[in-house]
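Novice: One line per chain: the protein sequences are A and B, in this order. Quick note on numbering: the first sequence equals residues 1 to 287 in the working numbering. Quick note on numbering: the second sequence equals residues 1001 to 1554 in the working numbering.
Keep in mind that the hints are not guaranteed to be accurate.
Okay, derived cross-link-like pairs now, BS3-like style, lysine-lysine, Cα gap no bigger than 27 Å in a straight line [said to hold, decoys possible]:
1) A:Lys240 to B:Lys1384
2) B:Lys1172 to A:Lys144
3) A:Lys20 to B:Lys1551
4) B:Lys1172 to B:Lys1221
5) B:Lys1172 to A:Lys20
Far from chain B by the CB rule (all over 12 Å, computed), these chain A residues [claimed, not checked]:
6) Ala46
7) Pro87
8) Trp91
9) Trp124
10) Leu127
11) Ile142
12) Val149
13) Ser151
14) Ser174
15) Glu183
16) Ala199
17) Glu234
Hints in this document: simulated from the structure, not taken from any laboratory. Heads up, the beta-carbon is just placed ideally off N, CA and C, and yes, glycines get one too.
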Amino acid sequence: MKKTAIYQRKRPDSPRWLNKWIQSLPWFFGFVLAVFGCLVIFVVNATTGRIHPGNAWGLGYGIGATVALVAVLLYTVRRRTMKLRPPGRAWTYLQVHVYGGGIFLLLMLMHTGFRIPSGIHTWWLWLISLWVVGSGVLGIVIQKWIPTVLSAGLAVEVHYDRVPELIEHIRTRSEKIVASADERLREFYESRVAPSLVAPEPRLMYFIDITGGIHARIKPFEYLRALLPASDQESLDELKELFNTKLEIDAHYTLQRVLRTWLILHVPISMVLVVLLFIHIFSVLYY
Amino acid sequence: MESGSTTDHSVTMIKRKKLFEDRWSSFGSHAGLTGLSEMLSPAELREIDIFKEYDDSFLQTISPDVSIAQWKADVVLFEEGSFLDLAFYVLDGEVGVAIKMHEESLNAIPTFDAQRTVYASDPRSFQVPQEGVAATILQTRMTARETSKDPQITFLASMDFNLPLGSTIVLKKGDLFGEIGALNGWPQSATAHTTSACKLVQIRVPALREMKKASGAFKEKIDQIYRERTLFEQLKTSPVFRGSGDAFLESLTEKVELLSFSPGDVITKQGDRVDALYMVRSGFLKIFERLGEADVAVNYLSKGMTIGEVELLLPDIDTWLSSTTSVGYSELVRIERDTFHDIIREHPLVEKRLWDSAVAQMKESGFTRKNLDKSELIEFSLQKGLVQGNSILVIDLDVCTRCDDCVRGCADTHGGRPRFVREGDTFDHFLIARSCYHCDDPVCLVGCPTGAIGRAGVGEVVAIDDGLCIGCGTCATKCPYDAIVMHDTGDTWGDDALPERLRGRPQKVASKCDLCYTSDDGPACVNNCPHSCAFRIGSIQDFQSLLSTEKAEA
């Protein structure tokens, strides 16, 4: 009856240098194969018939693109319905989401014959499709890049939603430390540290060098050290440690905010895409 | 959990009954329980043979962890593989014990099934064995009982003995069973079943530990039974003594000393004279060496592993090369230096294996001394309790996009209340999330006043029954890894709430990871991670191999 409670990670099956970007080679090769297949079909279409969204070929591409989009949307649906315990792992849905998005764009372009549509509605549909897939690719890049930067350069790990609470905690502890400290340490705290302990401070610097800014801002603590009596050295160390943590929290806040906000570029427009596509299908069927 | 203000008295009484029943059944279900005593006074306890030698103040201390339960006939008390945090002492009636008796019915039960107290399919299948070890044991017991006017207490240690497959022995008044499994955190190796209506004293682990500490005679009795039944089997299956012959092993069980250690106790000290070989029965030991000005953890030992062979085998080494401390509670077997030398003189196979073990240990220690990151991992794992863990949630921060789908998935699976926090200690680029490790020796189980927290009966899973939790926070305080969180439900206990001390107080509930054991899909945190960066490891060896793989690939 004893069950070993291990739920192993799905290890990337691609080489290490590649697995940051491509976790699963079968999925990747499946995608490449699908793209190649679509292009072959398009070439056959171009050589044997007319490229037009309204003929059988064109409608086929359109239907294919719609199916791909529906598959892509399953990831969103799964995220919204976790209570219902949807089948399969979220990882699989994400693979469908990412690679399916690429297939959708290709089929959509094939549907329009790789040309910009002339009608206003279809023009918007075409443009928004490009936007959604483009922002999705941007999201992939962000999601691959930022976690590595955060884990490689920072010692603390922070929950984004708890940032204000943690800063408040740091401020309270810092004030307790300086309350009984030397006048010079208190002045230093008031002028150099306290202003930073009010709220998270996002800085562009963290995008360039996740640690560079922090080291420079910690330096004044060492300049102050020589001026303080031995009894306050420990307080200075504690304060320095807290300030360092605060700066690392700022770095987390800056980068994690990007991890969250890029979705604004992607999700709402995706919803518009679905609505426009629905209208497009309805109008094609109706008229 | 219903608020007292909205429930009538009868409902509260039903709840209280359920509450107390579950406290002692520990299996989540209590289909066979017909009655359960409330807290027993020292005088009442002293009427029971097993408590006779203890004084009033001691009995007062342990009484919250002792109760008398009445069970119907033909009820399975526990099955093979169950983790119990209590031992049973038969006051009245008979209990049948068998190995693999209900193999078919066990197989029919889904792996994730909290229902552990089930009726036996055919109680008549319990047959008294006519020959073999079981028959000998039974005969010995019956003779002892018949020849004594004042029946002695007999013990059945954790059911870990040579009981032939399919046969049954019957335990009667004065028998204690399940204590070794409970004390060591081992799963039971047999199924126990009431063959008649029974009255059983149920003693939880804290009380058992205290009883063992307070009475040399009680400890001696438990150790003696352990020697006779369990130790023989353990030695027989240990890597060092396997295949050494029953006669030799039987003689060895008489020569060894059984030791118990508390957290932090020093077992060996570097530089002291080597006195014995130690073998771990349960728990964990940390081995460290003085390197320069610092103590460096070079290895750790778990069940079945030995220490001392290097020093005892190598000539000209008379002192311990390393120090050893107990990480938590641990039980050890000690084999005297002279006995050790006798063994290796007479048993070349054992000597060869000990040499192999010594060489492996020296290699390991040498490797760790040269690769201090491994020492760091050992230290980290011992400090943070990873060595205890059976299922540790690890998040790869190199991949994690902090989307929190793991937490959201957990919350959605558990009525909107997440069972872990995506925070914790980091090692390398891995976050050890603050989620229950499902420890080998879960200290959170100790002291729960309602028995709401317990082994869920499915492997190592430790779970809390929300319906029984009164939000006292004992488990959360006991958990050394901050893996249990107290949630405020927003309600207050009503005027008819039981126990009475709850009335008018804010209603809280303890919450912890239950590994989603009722789901076939496994833990929601792992299942809902879209980047496959949340996963579970079962031991630090898993973690070590993960780190080694990463290093090699890099």
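Novice: So, for every hint listed, does it hold in this structure?
Specialist: Hint check results:
Restraint check for A:Lys240 and B:Lys1384: the C-alpha separation of about 26 Å stays at or below 27 Å, so the hint holds. Among the hinted pairs, B:Lys1172 with A:Lys144 is inconsistent with the structure: their alpha-carbon atoms are about 65 Å apart, more than 27 Å. About 15 Å separates the Cα atoms of A:Lys20 and B:Lys1551, which keeps this hinted pair within 27 Å; it holds. For the given pair, B:Lys1172 sits about 18 Å from B:Lys1221 by alpha-carbon distance, which is consistent with the 27 Å threshold.
With a CA separation close to 64 Å, the supplied pair B:Lys1172 and A:Lys20 exceeds the 27 Å bound. The claim that A:Ala46 lies off the interface holds: its Cβ sits roughly 37 Å from the closest Cβ of chain B, which is beyond the 12 Å cut-off. Not every beta carbon of chain B lies more than 12 Å from that of A:Pro87, the smallest distance being close to 8 Å; the non-interface claim is violated. Listed as a non-interface residue, A:Trp91 fails to keep its Cβ farther than 12 Å from every Cβ of chain B; the least gap is roughly 4 Å.
Its beta-carbon lying about 30 Å from the closest one in chain B, A:Trp124 satisfies the requirement of being farther than 12 Å from that chain. Every Cβ of chain B is farther than 12 Å from the Cβ of A:Leu127; the closest lies at roughly 27 Å, confirming the non-interface assignment. A:Ile142, annotated as away from the interface, has a beta carbon of chain B within 12 Å; the closest lies near 8 Å. The Cβ of A:Val149 sits about 10 Å from the closest Cβ of chain B, inside the 12 Å cut-off, so the non-interface label is violated.
Annotated as non-interface, A:Ser151 brings its C-beta within 12 Å of a C-beta of chain B; the closest such distance is 4 Å. No Cβ of chain B approaches the Cβ of A:Ser174 within 12 Å, the least distance being about 21 Å, so the stated non-interface status holds. With a closest Cβ-Cβ approach of about 37 Å to chain B, A:Glu183 is found to remain outside the 12 Å limit, as its non-interface label requires. No Cβ of chain B comes within 12 Å of the Cβ of A:Ala199; the nearest lies about 20 Å off, and the non-interface call holds.
Non-interface call for A:Glu234 relative to chain B: holds, since the shortest CB-CB distance, roughly 21 Å, exceeds 12 Å.
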